[in-house]
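Protein chains in written order, with our numbering: chain U, 1 to 486; chain Y, 1 to 325.
Just so you know, these hints were derived from the structure itself, not from any lab.
Fair warning: this is a prediction, and the values are worked out from it, not measured in the lab.
Ideal Cβ placement from N, Cα and C applies to all residues, glycine included.
Keep in mind that a hint or two might mislead.
[As the list claims (entries may be wrong)] Only pairs whose alpha carbons sit at most 20 angstroms apart, straight line, appear in this in silico EDC-like list of lysine to aspartate or glutamate:
#, chain 1, residue 1, chain 2, residue 2
1, Y, Lys-2, U, Glu-360
2, Y, Lys-34, Y, Glu-132
3, Y, Lys-102, Y, Glu-271
4, Y, Lys-31, U, Glu-478
5, Y, Lys-169, Y, Glu-123
6, Y, Lys-7, U, Glu-478
7, Y, Lys-2, U, Asp-187
8, Y, Lys-155, U, Glu-477
9, Y, Lys-31, U, Glu-424
10, Y, Lys-107, Y, Glu-271
11, Y, Lys-170, Y, Glu-133
12, Y, Lys-169, U, Asp-187
13, Y, Lys-155, U, Glu-478
14, Y, Lys-31, U, Glu-477
15, U, Lys-264, U, Glu-277
[Said to hold, decoys possible] Covered stretches of chain U (in silico footprint by chain Y; criterion: 3 or more residues with CB under 8 angstroms from a CB of chain Y, positions within the stretch not fixed):
#, region
16, 163-169
17, 178-190
18, 300-311
19, 451-465
[As the list claims (entries may be wrong)] Label pairs and their in silico Cβ distance ranges:
#, chain 1, residue 1, chain 2, residue 2, range
20, U, Ile-6, Y, Leu-127, 44 to 50 angstroms
21, U, Ile-10, Y, Thr-193, 41 to 47 angstroms
22, Y, Leu-127, U, Arg-444, 45 to 51 angstroms
23, U, Pro-13, Y, Thr-193, 54 to 60 angstroms
24, Y, Pro-23, U, Gly-401, 31 to 37 angstroms
25, Y, Arg-217, U, Ile-404, 32 to 38 angstroms
26, U, Ile-6, Y, Arg-217, 46 to 52 angstroms
27, Y, Arg-217, U, Val-447, 50 to 56 angstroms
28, U, Phe-97, Y, Lys-285, 29 to 35 angstroms
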Amino acid sequence: MSFNSIHFLIFFPVVAAIYFILPFRYRWIWLLGASYYFYMSWRPEYALLLIISTLVDYVAGRAIFASRNQARRRVFLMMSLAANFGLLFVFKYFNFFNGALRDLCAWLHLPYAVPGVDVLLPVGISFYTFQTLSYTFEVYLGRKEAETHLGIFALYVVYFPQLVAGPIERPQRLLPQLKQDRVFDYDRVTRGLRLMLWGMFKKVVIADRLAIVVNQVYGQPADYGGLALVAGTVFFAFQIYCDFSGYSDIAIGAARVMGVHLMKNFDRPYLAQSIREFWGRWHISLSTWFRDYVYIPLGGNRRGFKQWQWNILLTFVLSGLWHGANWTFIVWGGLHGFYYLVSSWTAGFRARVIRACRLERFPGLLRGLSVVTTFTLVCLSWIFFRADTLGDAFFIIFRIGQGITSPLVFDLKQPGYIGLPLTEFIFSLGLILLLMAVQVLQGRGPVQDLFCRQPAWVRWPVYMALALIIMNLGISEEIPFIYFQF
Amino acid sequence: MKRFFLKILLFSTLVVTLQFYMPLPRDLQFKIKKIDTILRWKPDVIYFGDSTLNWTAPSDRLKLSMPALLKALLPGSVVVKLVHPSYQMAIYKENLRFFILKKYYPKCVIFPINLRSFSPIWEWQPLWQFEEEVTLINSMLEGWIWFYKPLTVFKLNHLKLTGYEYLRKKVYMGDKEVGRVRDFDNLDYFTATDENIRRQMVVRYMYPLSEDHRFIRSMLEIVRMSKAAGIEPVFYITPIDFQTGVRYVGPAFTDQVEKNVAFIQQVLSAEGVEALDLSRSLGTKYFSWPEDVPTVLYPNEHLKLRGRIFVVENLHQFMRLKKLP
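Use the sequences and the hints to build the structure in full.
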């Protein structure tokens, strides 16, 4: 079930209302049933994977927690890793690695006859496997006791607001909240609903509108000149942001209505002044997951500069691979790792250049330059993320490199049509500006708090305008949430 | 909690009320206009169809569509075409249902039966399901057009069929399963070998028809609806390039396509409707596809002017025998 569906618009109020009506001791059962229904409305048979993941990690967690024998603890950790990564491998990565191996064998003139598997990628598999794994890791590292209540643990795995696209929660944060009694709190519920409204606006009005241009341009990149490809790439940067952060806002808002505080997943990433800062603001739940369970166990920065560089690169490449079984994602991750390293190598040099140019006297200008540079680098990496193949990505970069003087075509009947007429294109640019303006304001203080302090005659027209804009200027075409595919 | 529910109720009421004052989106206005025009003109004959109706070959001296040619043969009647980007019997049925419920009864409705479009690679193509138009028609009939846009934003017309399911649809050669749709990738100029062209012919023509086929069910509903409303439905089976079919697939091509034609005729005659069979009446030289290479690399039902004239003359003759329109 997608958040931007009628199905969800009916499902959520019913679930939330009954949740508050039910006595506390039955609420987890209700939420567990609702969460399974939420997932099974997509493809019922794949609920079996959720059950497997839940049972394996429940058993592994309890066994690890109960045992003092390190070897035995490790065996159960391995069991959990094998089960979760096994699911991921079969459903997400097998065909990719199998294809790569087949190509390699063909290149070496060796026989290779392992067929691919014909399976549909289960929605959200990368999210819920990572969430259950974080539980097992935390128990193994002794930072969390094992959960004894199977029902509550199952709810931790399938909690519907964040089941299919995160945020990837940690057990210390989510499990205790699922056990707490929550009364109906007017302020909390309205805050949750406001966030959901804003998230919906970002998804159906901004992201889906920008997607029209992106899909058009990236569908046939050879038909477009440099400027159209730049526009497509910048639009994609905002599309993916609004799509994913919109989803996260709805998820966080829905959970908040029911009294659960999910972690923040985005913090105005396109205002980051460096790649390092960008990763502290983009998909925070995933980047902290990789930091805690990959980068730090690899040694982090404690084993010398050379090892640190490998750790960074490997972490970013794995993070790229997490997104999808395609070379484009691996290059995307690797590119971010490379940016990270280059920024570290050149830190001294850049500081000297800033001093030499006396830029420190203009902190606003310096900040602006840093933001623009970071955004440009991020956009360059998005080309790999969005392109269908590496060949397409390199072609787009090459075409942009040839120049951006070719005009944009807004006439449907002309070759090279960008996907939207001029008025819609300008409207899309306006939406991007609005989004950035809101983000700049957020940097100066919590916008929601400021807004909530306004009288009802200010707030209500804004709510109504947002609702009517969503209803009338939202995009009807089927454009699934991008992160559903991961 | 009570205060909250009252506020939500008030908010929803205000939003719903304001929605009545929202202008309809331009694309929606265009779609409605298309249907309204037909209602306003009240034509005697509606000619439903797909690109085969409008297609003209590069060598055609007269670029006239088949409905235009028919119009020339029926000078006293108003003939309009209702063409969709692809063949879909279900959307024809929905359009007809709309006209009938709006109490407009043309004298006759014409439906080509393009057998290539009954194949799984065509029938199940997600792009050609026209769910959006079906929802629009329902909203116009049921009086909730003002909520059509918001409801489609929230995926009321959500496509049930996914690309994944489409690609997994079975492909048959007669009774034998020969693969899935995904195994029959479309051709480009560089992959158009004889074997690949043969495979395209197999996936498009060699399926066996049965009463469960969605298009057959829609076709029968069209017949029943039309008859109940006193409208005469005219069906004709479009010419098929048998010469090329046999060249690539062999005699089995003729056997299977003839079986399908016979099946259609049998199903329609059981409802008391005779279908005009033009399937074997034209040779390759009447088809436009050889002129459309490299855009089109295997046969389809697009005709040259001579072919279109042949179809329309036969159709006209057929209608005259039935005293139509």
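Going down the list of hints, with the structure as the test:
1. Y/Lys-2 to U/Glu-360: 57 angstroms, violated
2. Y/Lys-34 to Y/Glu-132: Holds, at roughly 15 angstroms.
3. Y/Lys-102 to Y/Glu-271: 25 angstroms, violated
4. Y/Lys-31 to U/Glu-478: Roughly 19 angstroms separates the two Cα atoms, so the pair holds.
5. Y/Lys-169 to Y/Glu-123: Measuring from Cα to Cα gives roughly 10 angstroms; hence the hint holds.
6. Y/Lys-7 to U/Glu-478: 32 angstroms, violated
7. Y/Lys-2 to U/Asp-187: Holds: Y/Lys-2 and U/Asp-187 sit about 13 angstroms apart, inside 20 angstroms.
8. Y/Lys-155 to U/Glu-477: Cα-Cα ~8 angstroms, so holds.
9. Y/Lys-31 to U/Glu-424: Judged against 20 angstroms, a Cα distance of about 19 angstroms means the pair holds.
10. Y/Lys-107 to Y/Glu-271: Given pair Y/Lys-107, Y/Glu-271 holds - Cα atoms ~19 angstroms apart, limit 20 angstroms.
11. Y/Lys-170 to Y/Glu-133: 27 angstroms, violated
12. Y/Lys-169 to U/Asp-187: 51 angstroms, violated
13. Y/Lys-155 to U/Glu-478: The hint holds at about 7 angstroms.
14. Y/Lys-31 to U/Glu-477: Distance of about 16 angstroms is within 20 angstroms: holds.
15. U/Lys-264 to U/Glu-277: 15 angstroms, holds
16. 163-169: Three-residue rule not met by the region 163-169 of chain U, so violated; n is 0.
17. 178-190: holds (count 4)
18. 300-311: Three-residue rule not met by the region 300-311 of chain U, so violated; n is 0.
19. 451-465: holds (count 3)
20. U/Ile-6 to Y/Leu-127: 44 to 50 angstroms: 22 angstroms, violated
21. U/Ile-10 to Y/Thr-193: 41 to 47 angstroms: 52 angstroms, violated
22. Y/Leu-127 to U/Arg-444: 45 to 51 angstroms: This hint holds: roughly 46 angstroms between Cβ atoms.
23. U/Pro-13 to Y/Thr-193: 54 to 60 angstroms: At roughly 58 angstroms between Cβ atoms, Y/Thr-193 and U/Pro-13 fall inside 54 to 60 angstroms, so the hint holds.
24. Y/Pro-23 to U/Gly-401: 31 to 37 angstroms: Distance hint for Y/Pro-23, U/Gly-401 is violated at roughly 44 angstroms.
25. Y/Arg-217 to U/Ile-404: 32 to 38 angstroms: 53 angstroms, violated
26. U/Ile-6 to Y/Arg-217: 46 to 52 angstroms: Violated, since U/Ile-6 and Y/Arg-217 (Cβ atoms, about 27 angstroms apart) do not stay within the stated range.
27. Y/Arg-217 to U/Val-447: 50 to 56 angstroms: At 55 angstroms between Cβs, range holds.
28. U/Phe-97 to Y/Lys-285: 29 to 35 angstroms: 52 angstroms, violated
In summary, the structure is inconsistent with hints 1, 3, 6, 11, 12, 16, 18, 20, 21, 24, 25, 26, 28 from the numbered list given earlier, while agreeing with the others.
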